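Engineer: Residue-level listing of the chains:
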Amino acid sequence: MIRQERDASLQDSGYIFIASSDSIGEGEMMEVSVGKETVLVARVDGSVYAVDGICSHAYSELVDGELEDNCLYCPLHFACFDIRNGDVLEGPADEPLSVYTVTEQKSSIWIKIER
Amino acid sequence: MTAAHPIVIVGAGIAGVHAAESLRKEGYEGRIVLVDGDTQPPYDRPPLSKEYMLGESSESTIYLRHDTRFNELGVELKLGVQITSIDTEQQTASVSDGSTIQWSKLLLTTGSRLRHLQVKGSDFKGVHYLKTLSDAKNLRSRLDDVQEVAIVGSGFIGAELASSLKKLGKKVTIIERMPLPLAHILGDEMGEYFLQLHRSEGVSVMTEDSVVQFDGTSYVQAVITKKGHTIPCQAVIVGVGVIPNTLLAGEDLDVDHGYIVNEFCETSLPDVYAAGDCTMWPYQGTNIHVEHWDHAVNHGQCAAKNMMNEKSTPYSSIPYFWSDQYNSRFQYFGHTKNWKTTILRGNTVDHQFTYFYLNESGIIEAALLVNQPKNALTIRRLIKQQQPVDSALLSDSDVSLKKVNIQSNEDKVSY
Numbered sequence: 001m002i003r004q005e006r007d008a009s010l011q012d013s014g015y016i017f018i019a020s021s022d023s024i025g026e027g028e029m030m031e032v033s034v035g036k037e038t039v040l041v042a043r044v045d046g047s048v049y050a051v052d053g054i055c056s057h058a059y060s061e062l063v064d065g066e067l068e069d070n071c072l073y074c075p076l077h078f079a080c081f082d083i084r085n086g087d088v089l090e091g092p093a094d095e096p097l098s099v100y101t102v103t104e105q106k107s108s109i110w111i112k113i114e115r
Numbered sequence: 001m002t003a004a005h006p007i008v009i010v011g012a013g014i015a016g017v018h019a020a021e022s023l024r025k026e027g028y029e030g031r032i033v034l035v036d037g038d039t040q041p042p043y044d045r046p047p048l049s050k051e052y053m054l055g056e057s058s059e060s061t062i063y064l065r066h067d068t069r070f071n072e073l074g075v076e077l078k079l080g081v082q083i084t085s086i087d088t089e090q091q092t093a094s095v096s097d098g099s100t101i102q103w104s105k106l107l108l109t110t111g112s113r114l115r116h117l118q119v120k121g122s123d124f125k126g127v128h129y130l131k132t133l134s135d136a137k138n139l140r141s142r143l144d145d146v147q148e149v150a151i152v153g154s155g156f157i158g159a160e161l162a163s164s165l166k167k168l169g170k171k172v173t174i175i176e177r178m179p180l181p182l183a184h185i186l187g188d189e190m191g192e193y194f195l196q197l198h199r200s201e202g203v204s205v206m207t208e209d210s211v212v213q214f215d216g217t218s219y220v221q222a223v224i225t226k227k228g229h230t231i232p233c234q235a236v237i238v239g240v241g242v243i244p245n246t247l248l249a250g251e252d253l254d255v256d257h258g259y260i261v262n263e264f265c266e267t268s269l270p271d272v273y274a275a276g277d278c279t280m281w282p283y284q285g286t287n288i289h290v291e292h293w294d295h296a297v298n299h300g301q302c303a304a305k306n307m308m309n310e311k312s313t314p315y316s317s318i319p320y321f322w323s324d325q326y327n328s329r330f331q332y333f334g335h336t337k338n339w340k341t342t343i344l345r346g347n348t349v350d351h352q353f354t355y356f357y358l359n360e361s362g363i364i365e366a367a368l369l370v371n372q373p374k375n376a377l378t379i380r381r382l383i384k385q386q387q388p389v390d391s392a393l394l395s396d397s398d399v400s401l402k403k404v405n406i407q408s409n410e411d412k413v414s415y
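Chain order of the listed sequences is A and B.
Each residue of the first sequence is one higher than the one before, counting from 1 in the UniProt record's numbering.
Each residue of the second sequence is one higher than the one before, counting from 1 in the UniProt record's numbering.
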C-alpha cells in the first residue's frame with residue numbers, strides 16, 4: 001500500500017506493482033492477474049522473471065506445473081519452457097511464451113505489460 | 001544417416017507428424033515422405049469434441065503446424081492419397097494415385113478407424129460419428145437444427161460431446177450398454193462418479209441398454225432401445241470405439257490389437273517401424289494398446305530416434321491421457337487392468353480428488369486426477385518409480401504428495 005505510493009516514477013513509466021519481494025523465494029513461482037493477463041512470476045538464481053501464465057500450446061495454468069532451475073513444465077502435456085526468455089525447450093508447444101519486463105526495487109516486484 | 005531412398009511415414013496424425021519433425025531434429029538429411037488420405041493439413045483431434053464443437057476454436061487453430069512448416073523441414077507432405085499396399089521385400093509402397101515409392105525405412109502411423117454400429121436405420125442422415133475434422137464440421141453445421149441429441153456410448157468421446165452439447169443448450173441422452181460408464185478402465189466407484197456427474201449436469205444416461213434401431217424418414221428422428229425405449233432426437237452420435245488400422249503389410253507383420261512392436265518401435269520386419277494408436281507395445285512386461293494423444297507424440301518421436309540410430313532409445317513413457325468434461329479436468333496416468341486396491345485422496349463431492357490404483361505390492365499402477373493439475377508431475381514420478389508407497393500418507397490430502405515420494409525413497413534406502 002505504502003509501497004505502491006512511494007514509487008511513483010515506476011508507475012509513471014508503466015510498471016504495475018505485483019508483489020513484495022519476500023513473497024517469492026528462490027525456485028518458487030506464483031500466478032498474478034494483471035488486467036486481462038494471467039502472469040506467472042518466478043525467481044531463479046535470485047532474479048525474478050515473468051511470463052505468460054497460460055501455456056502457449058493448450059489451455060493450462062503453468063503455475064500448476066513445476067519449475068526446475070530455469071525449466072518450467074506444463075502440467076497438461078508437459079511442454080517445457082525457459083522461464084528466463086519464454087523459449088520452448090521441449091514440445092509439444094511450438095510457440096514461445098510471452099515475456100514481461102520485471103523490475104525489483106525496494107523489496108517490491110513490478111512488471112510492465114506492453115499494450 | 002542418408003539413404004538413396006526416402007523414409008516413408010504412413011499417416012500424418014500426431015505420431016507421424018512428430019516422427020517427421022523428430023527425424024529432422026535428430027539430423028536426418030535424406031528425403032522424408034509423409035502420406036495421409038485426409039485432404040486437410042495435419043490437425044489436432046482433441047479439440048474436435050470440445051473447443052471446436054463449442055465454436056471456441058476454428059479450423060485454422062487446430063492445425064498442428066503452420067502450412068509452411070513442412071516445407072521448411074523439407075518434409076514431402078502427400079495429402080489426399082492412400083498407400084494401398086506395401087511390399088516389404090521390395091521395400092515399395094503403392095500409392096492410390098498410381099505411383100510407387102521405394103523406401104529405405106517405413107514408419108506405420110496408420111492410427112485407427114471407427115467401429116460402426118450396424119443396426120436398422122444406420123444410414124439415416126443425422127447419424128454421426130466423430131473422428132475427423134470433416135466429421136466434426138458436419139456435425140457442427142447441423143447443430144442449429146438440433147434440439148435433442150442421442151449419444152451412443154459413454155466413453156470419453158461420448159462424455160466430452162455430451163458435455164459440449166449440453167453447454168450449447170441441447171437435450172442430451174446417453175445410451176450405455178454397461179451398468180456404469182468407463183468402469184472397465186476406472187472401476188465401479190469412478191464409474192458411479194461419472195454417471196452421477198452426467199446426471200447432475202442434466203444429461204440423461206440410460207445404462208444397460210443398447211440401440212436396436214434408428215427411426216426416421218430421410219433424417220433420424222428417434223432411437224429405439226433394446227429395453228423398448230424410444231428416444232426422440234434430431235441427431236445421433238455414435239462413439240463405440242475404434243479399431244487399429246493394421247491392414248497394410250498386415251500379413252507380413254506380427255499383428256494383435258495393433259502392429260506388435262518392441263521397445264524400439266521395431267515391427268517383426270527389419271526397416272519397418274510402427275508407432276501410436278496402430279500398435280501394441282511393451283509396458284511393464286506386457287504388450288499394451290492405448291489410444292492416447294500423449295503416447296502418439298512420444299512414440300512417434302521414439303520411433304524416429306530408433307530409425308536414425310538403431311536400438312538407441314527404448315520407449316519408457318508412462319501412458320497418460322486427459323479429458324475435459326463439464327467444468328472438470330481429468331488426467332489419468334499409468335495403465336492397469338487388474339489393480340488390487342484403490343485409494344481416494346480428497347473427496348468426490350467437491351470434484352477435487354485423486355483416485356489411485358495399486359497392485360498387491362502397494363505400488364501405484366495408475367491414478368485418475370480430478371481437477372488437481374498441481375499433482376500431475378509428482379504423480380507421474382510416483383508411478384514411474386515403481387516403489388511401494390505408504391497408503392495412509394497417500395490418502396491423507398494434508399500430507400504433500402512430495403512427502404509420499406520421499407517416504408518411499410527412504411524406505412528403499414533403509415531396506
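Certain hints may be false.
27 Å max Cα-Cα, derived BS3-like pairs, lysine-lysine [stated by the list, open to error]:
id : chain 1 : residue 1 : chain 2 : residue 2
1  : A       : K36       : B       : K131
2  : B       : K50       : A       : K36
3  : B       : K402      : B       : K384
4  : B       : K311      : B       : K227
5  : B       : K227      : B       : K120
6  : B       : K167      : B       : K120
7  : A       : K36       : B       : K167
Incomplete in silico selection of chain A near chain B, CB under 10 Å [what the hints assert, rightly or not]:
id : residue
8  : A8
9  : Y15
10 : G46
11 : Y59
12 : E66
13 : Y73
14 : P75
15 : G86
16 : V88
17 : P96
18 : S98
19 : T101
20 : V102
Don't read these hints as lab results, they were simulated from the structure.
Since the model is a prediction, treat every value here as computed from it, not as a measurement.
Here a beta-carbon is modelled for each residue, glycine too, at the ideal position from N, C-alpha and C.
Engineer: Next step is simple, just say for each hint if it's right about the structure.
Structural biologist: Outcome of the hint check:
{"no.": "1", "hint": "A:K36 <-> B:K131", "result": "35 Å, violated"}
{"no.": "2", "hint": "B:K50 <-> A:K36", "result": "24 Å, holds"}
{"no.": "3", "hint": "B:K402 <-> B:K384", "result": "14 Å, holds"}
{"no.": "4", "hint": "B:K311 <-> B:K227", "result": "54 Å, violated"}
{"no.": "5", "hint": "B:K227 <-> B:K120", "result": "16 Å, holds"}
{"no.": "6", "hint": "B:K167 <-> B:K120", "result": "30 Å, violated"}
{"no.": "7", "hint": "A:K36 <-> B:K167", "result": "24 Å, holds"}
{"no.": "8", "hint": "A8", "result": "37 Å, violated"}
{"no.": "9", "hint": "Y15", "result": "29 Å, violated"}
{"no.": "10", "hint": "G46", "result": "24 Å, violated"}
{"no.": "11", "hint": "Y59", "result": "8 Å, holds"}
{"no.": "12", "hint": "E66", "result": "5 Å, holds"}
{"no.": "13", "hint": "Y73", "result": "6 Å, holds"}
{"no.": "14", "hint": "P75", "result": "4 Å, holds"}
{"no.": "15", "hint": "G86", "result": "18 Å, violated"}
{"no.": "16", "hint": "V88", "result": "12 Å, violated"}
{"no.": "17", "hint": "P96", "result": "14 Å, violated"}
{"no.": "18", "hint": "S98", "result": "17 Å, violated"}
{"no.": "19", "hint": "T101", "result": "28 Å, violated"}
{"no.": "20", "hint": "V102", "result": "24 Å, violated"}
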